[in-house]
Amino acid sequence: MQIASLLKQRLAAALAHLVDDPDEVAQMLRPTQDPRFGDYQANCAMPLKQRLNRPPREIAQQIVDHLQVADLCHEPEIAGPGFINLRLRDDWIGEAATALLDDSALGVEPPEQPRTLLIDFSSPNVAKPMHVGHIRSTVIGDALARCFRFLGHRVITDNHLGDWGTQFGMIIYGYKHFVDQAAFEAAPVAELVRLYRMVNSLIDYHSAVVALPEARTTAETLREEADQARQAAQDIEDKAERKRHKKQSDALSRRAAAAADKVVGLQHKVDAVEADDTLLAVAGQHTTIATDVLNETAKLHQGDPENRALWDRFLPHCQDEINRVYQRLDIHFDHTLGESFYHPMLPGVVQELKEAGLARDSEGAVCIFLPDFDAPMIIQKKDGAFLYGTTDLATLKYRNEHFAADEILYVVDSRQSDHFDKLFAVAPLIGLGHLRLRHVNFGTVLGEDGKPLKTRSGNNAGLEGLLDDAVAAAMDAVCDPDRTAKLDPPLSEAERQRIARVIGHGAIKYADLAHHRTSDYRFSLQKMVALEGNTVAYLQYAYARTQGILRAGQTSEDDVRKAEHPISVAADAERSLALALLRLPEALQQVADDYAPSALVDYLYETARKYMVFNDNCPVWKADDPAVQASRLALVVATSRVIRTGLGLLGIEVVERM
RNA sequence: GCCCUCAUAGCUCAACUGGAUAGAGCAGCGCACUUCUAAUGCGCAGGUUGUAGGUUCGAGUCCUACUGGGGGUACCA
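As numbered in our numbering, residues 90 to 747 make up the first sequence, in order.
No lab work stands behind these hints, which were simulated from the structure alone.
Quick reminder that beta carbons are idealized off the backbone N, C-alpha and C, glycines included.
Worth double-checking, as some hints may not be accurate.
[As the list claims (entries may be wrong)] Below, simulated SDA-like cross-link-like pairs (lysine to any residue); rule was C-alpha separation at most 25 angstroms, straight line:
| # | residue 1 | residue 2 |
| --- | --- | --- |
| 1 | K511 | D609 |
| 2 | K511 | C456 |
| 3 | K470 | D609 |
| 4 | K511 | D450 |
| 5 | K486 | P517 |
| 6 | K540 | A276 |
| 7 | K471 | L435 |
| 8 | K486 | K511 |
| 9 | K540 | K471 |
| 10 | K470 | P394 |
| 11 | K265 | A276 |
| 12 | K388 | K511 |
| 13 | K470 | A493 |
| 14 | K138 | M90 |
| 15 | K265 | L404 |
| 16 | K711 | L614 |
[As the list claims (entries may be wrong)] Taking CB as the label site, the calculated pair distances span:
| # | residue 1 | residue 2 | range |
| --- | --- | --- | --- |
| 17 | A561 | R746 | 32 to 40 angstroms |
| 18 | E198 | G354 | 49 to 57 angstroms |
| 19 | D683 | P144 | 33 to 41 angstroms |
Generate the whole structure from the sequences, applying the supplied hints.
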C-alpha cells in the first residue's frame with residue numbers, strides 16, 4: 090500500500106464537496122519537512138482561495154470536516170495560512186509495517202495501467218575500450234529497468250550498440266597496415282585495441298600539427314588580453330566599477346587558461362608520436378590517414394567483401410570484450426540490436442521520407458527541415474553515407490513494428506538533446522505519434538578538478554581499470570584487518586574478496602545513481618568507497634547489522650516471518666523507522682515520475698540512517714519484554730528486506746558481514 | 001551570433017516539481033563504547049540559494065534582464 094495515495098484518495102473524497110476536480114486538487118499532498126507538522130500535509134486549501142472566494146483556513150476547515158481518516162490518522166490540524174497536517178496513528182503504522190513482512194512487493198501495488206517501456210541504454214561504441222563515459226547510461230538505464238519492472242510494468246531493454254561506425258574504419262585500416270599477426274592470434278581484443286589507439290593517435294597527431302599554430306596564437310592573444318584587463322582593473326578608482334572589471338578579467342584569465350590547456354593537449358598529441366622515432370616515421374608515411382580511414386568505413390558500408398570479412402571477424406571479439414564488463418556489473422539486455430542491424434533498412438527509410446515529401450535535397454544532402462529548428466536533420470550525406478539520425482529513425486520504425494511498446498526511453502547524454510528533439514519532432518510525421526518518446530538525459534562525469542574525467546594521456550579513463558581500482562580501494566577501506574578483527578569467525582579470504590567486489594562495484598554504481606541524473610557530478614574514488622556519509626558502504630553496514638542481529642539470535646528471516654509477531658511502535662526510533670519502511674512505494678513512484686533513480690538512493694540512505702538510530706536506541710535481544718523483542722526483531726527483518734530489495738533495484742548486491 | 005543547461009554552507013550534493021524556520025554528508029570542534037559490529041549515534045558551528053527586478057497568500061523552484069560556468073549549433077555519434 091502506498092500511504093500518500095491512500096491519503097490522496099481520502100482527501101479527494103473530502104474535496105468532492107468543494108470542487109469538480111477533486112483528484113487533481115488532492116495531488117497537493119506532501120510529506121512534511123518538519124515532524125512538528127505531522128507526517129503529511131495537504132496544501133490544497135490556499136490555492137483554492139481564488140476559486141472559492143473564501144479565506145484558506147475556512148476552506149481547510151471545510152475539507153477537514155469531510156475528511157474521513159480516523160482509521161489512519163489523529164485528528165487533522167489546520168496550521169499557518171491553511172495547511173492541513175496529518176499525523177499517522179502509531180497502531181496503524183505498526184499494523185502496516187507488520188503486513189510488510191508477508192509482502193514480497195514491499196507495499197508496491199500493481200499499476201492501474203501497466204505500461205510497456207522500451208529502454209535504450211548503455212549503447213557503447215564497440216571496438217574501442219569502454220570508458221567511464223559509458224557508466225552513467227549503463228547504470229541509470231539498468232536501475233530504471235529494474236525499478237519499472239518492480240513497479241509492475243513491462244520492460245524491454247535494448248543495447249543499441251555502435252558497431253558500424255568510424256571506429257571500424259580505424260581498426261580495419263590499422264589491421265591492414267600495422268597488425269602484429271602473432272599478437273592478434275594470441276589476444277585479438279588487445280591487439281585490436283592497440284591498433285585502434287595507434288590509428289587514433291596518428292590521426293590526432295596530424296590534426297594537432299595543423300591546429301597547433303593557431304591555438305598558440307589564440308592562447309597568446311587571450312593571455313595578453315587577460316593581463317591588460319587585470320592591469321586596467323587595478324587602475325580603476327571606483328570600487329564597484331573595479332569589482333566589475335575584476336570579474337571580467339577573471340573570466341578572461343580562465344578563458345586564457347583554457348586556451349593554454351588546449352595548446353598543452355595538442356602538444357601532448359604531437360609529442361606522443363614524436364617521442365617515438367618509429368611511430369614518427371609511420372606518421373610520415375600515413376599523412377592522409379584521416380580520410381583513408383573514412384574511406385575504409387565507406388567501403389565497409391558499401392559492402393566491400395574484404396572489409397566486411399574483417400568486420401565479421403572483429404565483431405565477436407569486440408562483443409566478448411563488452412560482455413565481460415556487463416557480466417562483471419551484472420547487467421543484462423533483452424536485445425542487443427546495434428547500428429549494423431539497421432544498416433540494410435536505411436536506404437528504404439530515406440526513400441520513404443523523400444516520397445512522403447518530408448525530406449528533400451539541400452546542398453547535396455538529404456534533409457528533413459523542421460519548424461522551430463535552425464538546422465535540418467540530415468539523413469544522408471552528400472557522399473551518400475547515412476547518419477545516426479537515419480539509423481535512429483529506422484530503429485524507431487523497427488521498434489514500433491516489433492515491440493508494441495507505448496513508451497521508449499533513450500538513456501543518453503544531455504549533449505544529444507538537440508538530436509532527440511528533432512527525432513521526436515519527426516516521429517509524429519511518420520505515423521509514430523502514438524509512441525511516448527523520452528530523452529532520459531544525464532550530465533557529464535567530471536574529475537576531481539571539475540573537468541570531464543580523463544587519464545593523464547588525455548584518453549578517457551578505461552572502465553575496467555576503474556572497476557579494478559574501486560575493488561582495490563574497497564579492499565583497503567572495508568577489509569582493514571583492524572576493523573574486521575572482531576568478526577567471529579574471522580573473514581575468509583574468499584569472503585574478503587567478495588566483500589571488496591560487492592562494495593567496489595556497488596560504490597561506482599551508487600555514487601553515480603546518488604546524483605540527480607541531469608547534473609554533472611564529480612567522480613571521486615576515495616569518497617565513493619568511504620565508510621562514512623552517503624556511500625554504499627554505509628548502507629551495506631546497516632544491512633550487515635541487521636544480519637548480525639539474526640545471527641546473534643540464531644534465527645533467520647524466514648523464522649521471524651513465520652512467527653508472525655506484530656510490530657508495535659513505541660519509541661521514536663521505532664516509529665520513524667517503521668514509517669520509512671512503508672515509504673518504499675512512494676520513493677519508487679518518484680523514480681518512475683522523473684526517470685531518476687536518485688530518488689531511491691536518497692530514500693535508502695534516509696532509511697538506513699533511521700535504522701542506525703534504531704539500532705543504537707532499541708536493542709533487540711536485551712529488551713526485557715518478549716513482545717518488544719519480537720516486534721523489534723520483525724522491524725529488523727523488514728528493514729533488511731527493504732534495504733536488500735532497494736539496493737537490488739539499483740543493481741547492487743549485499744554482504745552479510747563486513 | 002543563436003539555442004540548451006547549470007550557479008544553494010569552506011567542499012560534495014539534496015530539497016517530492018510553488019509550501020511553513022532551505023536540509024544531508026565531508027572537513028572542523030565537543031560528547032557517548034562493559035555493545036545484537038563505535039565502520040555508529042548525539043550536539044555545536046557553518047546560508048542575503050550568482051546579481052537586479054517581477055509574478056502571488058507564499059519563490060531555491062515560474063518570468064525578464066544581467067554576470068559567470070558547461071554543452072550544442074548542415075553532412076561524427
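Quick rundown of the hints versus the structure:
Restraint check: the Cα-Cα separation between K511 and D609 comes to about 24 angstroms, which is no more than 25 angstroms; the hinted pair holds. Note on K511 and C456: the hinted pairing holds, with a Cα-Cα distance of about 12 angstroms set against a maximum of 25 angstroms. Straight-line distance between C-alpha atoms of K470 and D609 comes to about 33 angstroms, which puts the hinted pair past the 25 angstroms bound. Proposed proximity of K511 and D450 is supported: the alpha carbons are some 18 angstroms apart, at most 25 angstroms.
Taken as a hint, the K486 and P517 pair is honoured in the structure, with Cα atoms around 11 angstroms apart against an allowance of 25 angstroms. Between K540 and A276, the direct Cα distance comes to roughly 34 angstroms. Violation of the 25 angstroms bound is thereby established for this hinted pair. Using a Cα cut-off of 25 angstroms, the hinted pair K471 and L435 holds, with the two alpha carbons roughly 15 angstroms apart. The hinted pair formed by K486 and K511 meets the criterion: a straight-line CA distance of about 15 angstroms does not exceed 25 angstroms.
Distance hint between K540 and K471 is unfulfilled; the C-alpha atoms sit about 36 angstroms from each other, more than 25 angstroms. A threshold of 25 angstroms between alpha carbons decides the hint, and for K470 with P394 the separation of about 23 angstroms falls inside it, so the pair holds. Restraint check for K265 and A276: satisfied, since their Cα atoms lie roughly 17 angstroms apart, inside the 25 angstroms limit. For the hint linking K388 to K511, the alpha-carbon distance of about 29 angstroms lies beyond 25 angstroms, and the restraint is violated.
With a CA separation close to 32 angstroms, the supplied pair K470 and A493 exceeds the 25 angstroms bound. Simply put, K138 and M90 have alpha-carbon atoms about 32 angstroms apart, too far for the 25 angstroms limit, and the pair is violated. Among the hinted pairs, K265 with L404 is consistent with the structure: their alpha-carbon atoms are about 16 angstroms apart, no more than 25 angstroms. Of the supplied pair hints, the one linking K711 and L614 is violated, its CA atoms being roughly 39 angstroms apart against a limit of 25 angstroms.
With their beta carbons about 20 angstroms apart, A561 and R746 fall outside the hinted range of 32 to 40 angstroms. In this structure the supplied range 49 to 57 angstroms holds for E198 paired with G354, their Cβ-Cβ distance being about 54 angstroms. For the hinted restraint 33 to 41 angstroms between D683 and P144, the CB-CB distance of approximately 35 angstroms keeps it satisfied.
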